[in-house]
Amino acid sequence: MIEAILSLSGLGLIAGIGLGIASKVFHVYVDPKVEAVEGALLGTNCGACGFPGCSGLANAIIAGEAAITDCLPGGEDVVNDLCRIMGVEATAAEKEVAIVLCKAGDREAKTKFDYMGVKDCWAAMQVGGGFKSCSYGCLGLGSCYKACEYDAIEITEDRLAIIIPEKCTGCTMCVPACPVNIIKMVPASQKVHVLCSSFDKGPATKKVCSVGCIGCTLCTKKTSNMSMENNLAIVDYSVLDNTHDPVDICPTGTISDFEQAHPLKRFKPEKKKKAKKAKPAAKVKKEGVTAKPDSDKKVVPKPTEGQETPKSKVEKEKSGNEAEKPAKDNKEAVKPEGSEKVEGSVSEKKEEGTKDVS
Amino acid sequence: MGDVITQLSLLLVSAVFVNNFVLARFLGVCPFLGVSKKVETAVGMSMATMFVMTLASVSTWVVQKFILVPFQIEYLQTIAFILIIASLVQFVEMVVQKTSPVLYQALGIFLPLITTNCAVLGVAILNIQKDYSFLSTTIHGFGAALGFALALVIFAGLRERTELADVPKSFQGVAITLITSGLLSLAFMGFSGLVK
Numbered sequence: 022m023i024e025a026i027l028s029l030s031g032l033g034l035i036a037g038i039g040l041g042i043a044s045k046v047f048h049v050y051v052d053p054k055v056e057a058v059e060g061a062l063l064g065t066n067c068g069a070c071g072f073p074g075c076s077g078l079a080n081a082i083i084a085g086e087a088a089i090t091d092c093l094p095g096g097e098d099v100v101n102d103l104c105r106i107m108g109v110e111a112t113a114a115e116k117e118v119a120i121v122l123c124k125a126g127d128r129e130a131k132t133k134f135d136y137m138g139v140k141d142c143w144a145a146m147q148v149g150g151g152f153k154s155c156s157y158g159c160l161g162l163g164s165c166y167k168a169c170e171y172d173a174i175e176i177t178e179d180r181l182a183i184i185i186p187e188k189c190t191g192c193t194m195c196v197p198a199c200p201v202n203i204i205k206m207v208p209a210s211q212k213v214h215v216l217c218s219s220f221d222k223g224p225a226t227k228k229v230c231s232v233g234c235i236g237c238t239l240c241t242k243k244t245s246n247m248s249m250e251n252n253l254a255i256v257d258y259s260v261l262d263n264t265h266d267p268v269d270i271c272p273t274g275t276i277s278d279f280e281q282a283h284p285l286k287r288f289k290p291e292k293k294k295k296a297k298k299a300k301p302a303a304k305v306k307k308e309g310v311t312a313k314p315d316s317d318k319k320v321v322p323k324p325t326e327g328q329e330t331p332k333s334k335v336e337k338e339k340s341g342n343e344a345e346k347p348a349k350d351n352k353e354a355v356k357p358e359g360s361e362k363v364e365g366s367v368s369e370k371k372e373e374g375t376k377d378v379s
Numbered sequence: 018m019g020d021v022i023t024q025l026s027l028l029l030v031s032a033v034f035v036n037n038f039v040l041a042r043f044l045g046v047c048p049f050l051g052v053s054k055k056v057e058t059a060v061g062m063s064m065a066t067m068f069v070m071t072l073a074s075v076s077t078w079v080v081q082k083f084i085l086v087p088f089q090i091e092y093l094q095t096i097a098f099i100l101i102i103a104s105l106v107q108f109v110e111m112v113v114q115k116t117s118p119v120l121y122q123a124l125g126i127f128l129p130l131i132t133t134n135c136a137v138l139g140v141a142i143l144n145i146q147k148d149y150s151f152l153s154t155t156i157h158g159f160g161a162a163l164g165f166a167l168a169l170v171i172f173a174g175l176r177e178r179t180e181l182a183d184v185p186k187s188f189q190g191v192a193i194t195l196i197t198s199g200l201l202s203l204a205f206m207g208f209s210g211l212v213k
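These protein sequence lines map, in sequence, to chains A and B. Going letter by letter, the first sequence gives residues 22 to 379 in the numbering used here. Going letter by letter, the second sequence gives residues 18 to 213 in the numbering used here.
Among the clues, some could well be false.
[What the hints assert, rightly or not] Only pairs whose alpha carbons sit at most 25 angstroms apart, straight line, appear in this in silico BS3-like list of lysine-lysine:
no., chain 1, residue 1, chain 2, residue 2
1, A, K222, A, K131
2, B, K115, A, K140
3, A, K167, B, K115
4, A, K188, A, K167
5, A, K167, A, K228
6, A, K131, A, K45
7, A, K205, A, K116
8, A, K131, B, K186
9, B, K55, A, K45
10, B, K186, A, K140
11, B, K186, A, K167
12, B, K54, A, K54
13, A, K205, B, K186
14, A, K116, A, K140
15, A, K167, A, K116
16, A, K133, A, K188
[Claimed, not checked] Taking CB as the label site, the calculated pair distances span:
no., chain 1, residue 1, chain 2, residue 2, range
17, A, V148, B, L120, 20 to 26 angstroms
18, B, P118, A, I42, 51 to 57 angstroms
19, A, G149, B, G190, 27 to 33 angstroms
20, A, I38, B, T133, 42 to 48 angstroms
21, B, V191, A, E178, 57 to 63 angstroms
22, B, T95, A, G85, 47 to 53 angstroms
23, B, Y92, A, V55, 30 to 36 angstroms
[Claimed, not checked] Stretch-level coverage of chain A by chain B, calculated; a stretch enters the list once three of its residues show a Cβ under 8 angstroms from a Cβ in chain B:
no., stretch
24, 115-127
25, 240-248
Quick caveat, the hints were computed from the structure, so don't treat them as lab data. Here a beta-carbon is modelled for each residue, glycine too, at the ideal position from N, C-alpha and C.
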């Protein structure tokens, strides 16, 4: 018994002392900043920076081989932390998100043949350069979806990949995952994009896709931040002309406001929770709609009336104080009040309905 | 002399193929399933494991012969071996970090992970059970590690391919992984009878 305790604890003691000595003898000086920097990074080892893991980036930052803004998924918070550690001033890093520069699902773009093979864009590209008639089109088989570690990519039923900008961390893993090479990084603040990558000439594009850029150059003539290159319109994101003008100009609808182009469920968060409530509310809304074919017209100018009524009240009082004006004024003032109440209730119902549905 | 060499080479072959640690003895299945998603990481893990398993075989054999047996405390074998292996891994990590930063970077996180690998403890205990000599222990430890590496790399290659395959929905994920490993184990059973 005593032997066992002694020998085992002796063994442990020897191992412990050995390790203690070894840690002194084989001590490797690590810059304490490296640990601090590594602690500030996300620690997900996503590889977006191009270094082997977060520790690799930390070492590179200390060695001056990488910038403190190189951690793309970390965003502003990490950059600020690193600024404090490194004693450097922050250079504003615009957050970038990935975007699929193709708007055409199966409905918009023609296909060459029915592809029944392996569900992978790279595999599909082996068969005659993809099944889409347009060789710059999204195949929608989800190679980027698999590459995304943040669930930021959705594949629609139409076989079109859509990257949700709110979820995208800008790690760029999906960019090389696309065999068609149509995923690009764009500034997150920009919403207007040319959702097409086709370098084909106008007629060729038009033949295979209803929403492709046909190279009509209309947008370049009317706005300052659009240019043409290889039959494709290009947004110059550095020029601050973020008006929605090009969206209205584009005849094919290729240039679009991303959120409007893809009104997916993502832009209406908490849909599932409210979906249950929405059913009864939707009925109310329908009833409201059916019940107020007459009041419908009144609803439209409602806000202006609502603003006017207090004024008209004041006017009424004023007119009462000053002198009694003809009865017409009073009638006018009274009528909106009555109609306002009715409309108010209707509009409230309507608002409820729309809220719940969304 | 020639006899010894034949015996040792037979021991090596048997440890690698016939009594493959993962596929025939079912030891070290955790890293086998966990670190086999990419061939690249599988190779890194294999290298680190080979390193540690060989060293652990040798050092535990020494501890068994010169400490546990003389004091008649063989029943503390498991805990003593775990102690040895854990501190050995730590020690190796320190030495590698100091002497070869390149190797340290390559092995990376795998070195500390091996501490809890049951294949390492398994090979140490098996060496004692079979009453191997010092040389046989070394060869057996290295062979077992080689077998582990072989299984891990093959399996990683298989998994990279199943990633691309159109797997039926009910088999996706862990299910197909386990089935694949079962089939691989079945294939390795073909080696039984090669060496007695």
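Consistency of the hints with the structure:
1. A/K222 <-> A/K131: Roughly 16 angstroms between the alpha carbons, so the hint for A/K222 and A/K131 holds.
2. B/K115 <-> A/K140: The given pair, whose Cα atoms are some 47 angstroms apart, is violated under the 25 angstroms limit.
3. A/K167 <-> B/K115: Not OK: A/K167 and B/K115 at ~39 angstroms, beyond 25 angstroms, violated.
4. A/K188 <-> A/K167: Measuring from Cα to Cα gives roughly 15 angstroms; hence the hint holds.
5. A/K167 <-> A/K228: violated, 31 angstroms
6. A/K131 <-> A/K45: violated, 69 angstroms
7. A/K205 <-> A/K116: Holds. A/K205 to A/K116 sits at ~13 angstroms (cutoff 25 angstroms).
8. A/K131 <-> B/K186: violated, 29 angstroms
9. B/K55 <-> A/K45: This hinted pair is violated, its Cα atoms lying about 36 angstroms apart.
10. B/K186 <-> A/K140: Given that 25 angstroms is the threshold and the Cα spacing comes to 13 angstroms, the pair holds.
11. B/K186 <-> A/K167: Since the Cα atoms of B/K186 and A/K167 sit roughly 16 angstroms apart, the hinted pair holds (cutoff 25 angstroms).
12. B/K54 <-> A/K54: violated, 33 angstroms
13. A/K205 <-> B/K186: Cα-Cα ~31 angstroms, so violated.
14. A/K116 <-> A/K140: violated, 32 angstroms
15. A/K167 <-> A/K116: holds, 23 angstroms
16. A/K133 <-> A/K188: Outside the cut-off at roughly 33 angstroms; violated.
17. A/V148 <-> B/L120: 20 to 26 angstroms: Violated, since A/V148 and B/L120 (Cβ atoms, about 44 angstroms apart) do not stay within the stated range.
18. B/P118 <-> A/I42: 51 to 57 angstroms: This hint is violated: roughly 21 angstroms between Cβ atoms.
19. A/G149 <-> B/G190: 27 to 33 angstroms: holds, 32 angstroms
20. A/I38 <-> B/T133: 42 to 48 angstroms: violated, 23 angstroms
21. B/V191 <-> A/E178: 57 to 63 angstroms: violated, 28 angstroms
22. B/T95 <-> A/G85: 47 to 53 angstroms: Because 49 angstroms falls inside the window, the suggested range holds.
23. B/Y92 <-> A/V55: 30 to 36 angstroms: violated, 45 angstroms
24. 115-127: violated (count 0)
25. 240-248: violated (count 0)
Checked against the numbered hints given earlier, the structure breaks hints 2, 3, 5, 6, 8, 9, 12, 13, 14, 16, 17, 18, 20, 21, 23, 24, 25 and satisfies all the rest.
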